[in-house]
Amino acid sequence: MTGPERAMIRAEGLAKTFVLHTQGGAEIPVFRNVSLTVHAGEVVALHGPSGAGKSTLLRTLYANYRPDAGRVMVRHGEAEDDWVDLASAPPRAALALRRRTLGHVSQFLRVIPRVPTLDVVAEPLVALGEEVGAARARAGALLSRLNIPERLWPLAPATFSGGEQQRVNVARGFVAPRPILLLDEPTASLDLANRDIVVALIAEACAAGAALVGIFHDPAVREALDARLFTLTARDTCS
Amino acid sequence: MSAAALMTEADPPLLTVAGLGKAFGARPACADISFDLYAGEVLGVVGESGSGKTTLLRCLSGGLTPDAGTVLYRPAEGGQALDVHALPEGRRRLLMRTDWGYVHQDPRDGLRMGVSAGANIGERPMALGARHYGRIRADAADWLARVEIESDRLDDRPTTFSGGMRQRLQLARVLVSGPRLVFMDEPTGGLDVSVQARLLDLLRDLVTRLGLAAVIVTHDLAVARLLAHRLMVMKDGRVVEHGLTDQVLDDPHHPYTQLLVSSVLQA
Amino acid sequence: MSQPDAGVTFGYLDEQTKRMIRRALLKAVAIPGYQVPFAGREMPLPYGWGTGGIQVTASIIGPEDVLKVIDQGADDTTNAVSIRRFFRRVAGVRTTERTREATLIQTRHRIPETPLGPGQILVYQVPIPEPLRFMEPRETETRRMHALADYGVMHVKLYEDIAHYGRVATSYDYPVMVNGRHVMAPSPIPKFDNPKMHDAPFLQLFGAGREKRIYAVPPHTSVVSLDFEDHPFEVQGWDRVCDLCGADDSYLDEVVTDDIGGRLFVCSDSDYCAGRRADGHQGPAAASAAGEALADTMEQVAREHASEDPA
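Residue numbers (the UniProt record's numbering), protein chains in the order written: chain A, 1 to 239; chain B, 1 to 267; chain C, 1 to 311.
Worth flagging that the hints you see were computed from the coordinates, not collected in a lab.
Be aware that a few hints might be false.
Taking CB as the label site, the calculated pair distances span [claimed, not checked]:
#, chain 1, residue 1, chain 2, residue 2, range
1, A, Ala158, B, Met113, 31 to 37 Å
2, A, Pro219, B, Thr70, 57 to 63 Å
3, C, Tyr165, B, Arg108, 25 to 31 Å
4, B, Thr70, C, Leu148, 19 to 25 Å
5, A, Val111, B, Asp155, 34 to 40 Å
6, A, Ala158, B, Thr65, 42 to 48 Å
7, B, Asp155, C, Tyr47, 33 to 39 Å
8, A, Ala158, B, His219, 20 to 26 Å
9, C, Gly92, B, Ala86, 24 to 30 Å
10, A, Asp82, B, Pro255, 36 to 42 Å
11, B, Glu77, C, Ile31, 31 to 37 Å
Chain B is nowhere near these chain C residues, computed Cβ spacing over 10 Å in every case [said to hold, decoys possible]:
#, residue
12, Lys18
13, Met135
14, Ala163
15, His182
16, Pro201
17, His220
18, Val235
19, Gln282
20, Ala290
21, Gln300
Sample of chain B residues at the chain C side, in silico, Cβ under 7 Å [claimed, not checked]:
#, residue
22, Gly118
23, Met126
24, Asp155
We put the CB at the ideal spot given by N, CA and C, even for glycine.
Turn these sequences into a full structure, and let the hints steer you where they fit.
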């Protein structure tokens, strides 16, 4: 059951302030009282000026940042009341949730030394118990689609260009179908052709019933995805 | 998997550490350490030299007797939880060469430098009763390959190996008996950066593939990020911060963790 | 029986010391293969000449005992002769070269070929009692390893031999598991003799003078040489028989007989060889000049021994 009205992720009353102890305890409030619900089959674009906290919110939804207040309720399972608060979940539960339910495409690929591109992409599938050969086949298909030539697959992506690294990162994020996807500027360093391929990938995931939250600076991308805007205003609450 | 199943562990933890403390004279080396470790989970322990990391590791693995607290280990097959420090030494040693492994920072502490690589890898199986030379040797050769050492080095002594090879050999010697839990003390410590990367990649792959639980002590945050699922940050013998690895490193809360993270040079 | 030297206690050691050593022996017999520390005494011989074995012998010998002393299987080497003389002098006991006649045999390097019986005791002189020493130099650690039966390193050594030489190269002092519990160094006897220790009807006592350790294998105790399934324990074999007596079941020594490469292979157990020859057995070189010369020499030594033992 993946109807459009099925809420998948529900942020409630999130607040985040950074306290910089190494700089005299300076406090940097980012946002407070943020609430956001994203449904299956929906794309939500976080919107707002630079410094409004879009990235921080996205990372908080992924539990990469820990909110000072509020909850990040994530649907995990089939029953109506199968929700987990990611913000307070124990580490193991949070990791399992990320593996199965909540995907994240960061802005930059965090390179793992020596691991070939094909395995970097296949890894999320393998982590879910997929057989290595099958996982590599899926990874290869996705890399092909993203125009990463096969000769690059055995290489570690450390030496790739920014655009290539970003596409590897996107492939890694999409290789395992997950019901919720968080995307941090997935098209920022791509040319138009590759941008459109990524947009198509996102649209397909959406059509398949995934709930997506992203930061898309390119208005054309937001339009193409028919994204609902969620606007953050600098240093404050948002609508 | 339902949310309820996610939040309640199917199996009890492999290791339950409660209130662990150890002092040398008046100076506490570690104090009031408590955590659970589950099968397949990698816990990183980070902090500067002298923060009590290695003392903690030695208390966990039974090498040092703590002044306070308990370490409970649950063996496979639903056996009774064992109070590691209440076990007779023979049982503890047996545990150390069956279910557990310890990887020393200096491979010379974990290897027999006077016998061949094959004999080093074969020692644990032989201590556990393996008596077929051919199979012991075949297993040793297999493990040598898995740690990326040329098979023609099987009969060479580790004295002729480079630092990186010695460390990989130490891994093979520990992993050959299929431990469930491995303790590692600065496993990449004395190695050149280029050699470190290879070892890290190997470690990461083996830990994932074998589903090992591990406690890895390191002062290198990059190592911690690559290997550990979650981190404990230690300062002056106490845990000051504990959480998912990426949370602790990307959103450190404690002043000491912030200092550690901000002190890392970006290449 | 000759009279013991009136100036010394019977058996040289004072009664207190003998009691102390006997207590250690009792403990050793009770825990087969376990090394019992004892307060070893200074003996009028240098270490390496059998001071450990001598103290054991001195503590258990009685006036009615008949003593045989062998060194490298032979009764006529310097070490054997001087130990035998020592006990004749301090205990006044009868000595013999005949294995069958002896009640007490002190040995270095061999177990006699003639099977020993329940009434006999074999005392070994041991230079290095600790079988784990070559892998683990720390005494505290080896004792703990014995306590915990933590014996993995023993097979590491055997593994290493096979890896480098294709077989277990250890040919003497070959380690054994005693009573399924303690790994033991059988003293530098050839591994040829190891099978004789297993389920033996006689008592075996071991004394190490320098390291001050005593251990024992009581009668009918399991003594198993360590090995691998696919490299089972094997004793040395010869593709020839004793040149003098024709024995095909004894440990052979190579004896060089001249300066042009002439050599004979003869029983290292001189009593066994002489006994077989007396019974009419002949080896392939028994009638040769070298063979006759060697046999003559051995008989002459035996006569000298008989003459020095007035009994």
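Return holds or violated for the Cβ distance of Tyr165 of chain C and Arg108 of chain B against the range 25 to 31 Å.
holds (26 Å)
Is the hint on Asp155 of chain B kept, meaning its closest Cβ partner in chain C is under 7 Å away?
Where the cut-off is 7 Å and the nearest Cβ of chain C is about 5 Å from Asp155 of chain B, the hint holds.
Is it true that the C-beta distance of Ala158 of chain A to Thr65 of chain B lies inside 42 to 48 Å, as the hint says?
holds (45 Å)
Range first: 36 to 42 Å. Now tell me if the beta carbons of Asp82 of chain A and Pro255 of chain B are that far apart.
The hinted range 36 to 42 Å holds for Asp82 of chain A and Pro255 of chain B, with Cβ atoms some 38 Å apart.
Regarding the assertion that Met135 of chain C does not contact chain B, is the least Cβ-Cβ distance greater than 10 Å?
violated (7 Å)
Gln300 of chain C clear of chain B by more than 10 Å, beta carbon to beta carbon?
holds (48 Å)
Is the distance from the Cβ of Ala158 of chain A to the Cβ of His219 of chain B consistent with 20 to 26 Å?
With Cβ atoms ~24 Å apart, the hint holds.
Is it the case that Pro201 of chain C keeps its Cβ farther than 10 Å from each residue Cβ in chain B?
holds (29 Å)
Range hint 31 to 37 Å: satisfied by the CB atoms of Ala158 of chain A and Met113 of chain B?
holds (35 Å)
Using the beta carbons of Pro219 of chain A and Thr70 of chain B, state whether their distance is inside 57 to 63 Å or not.
About 60 Å separates the Cβ atoms of Pro219 of chain A and Thr70 of chain B, which means 57 to 63 Å holds.
Would the least Cβ to Cβ distance between Val235 of chain C and chain B come out above 10 Å?
holds (19 Å)
Does the hinted range 34 to 40 Å hold for Val111 of chain A and Asp155 of chain B at CB?
The hint (34 to 40 Å, Cβ to Cβ) holds, given that Val111 of chain A and Asp155 of chain B are roughly 38 Å apart.
In this structure, the earlier hints numbered 9, 13 and 14 are contradicted, and the remaining ones agree with it.
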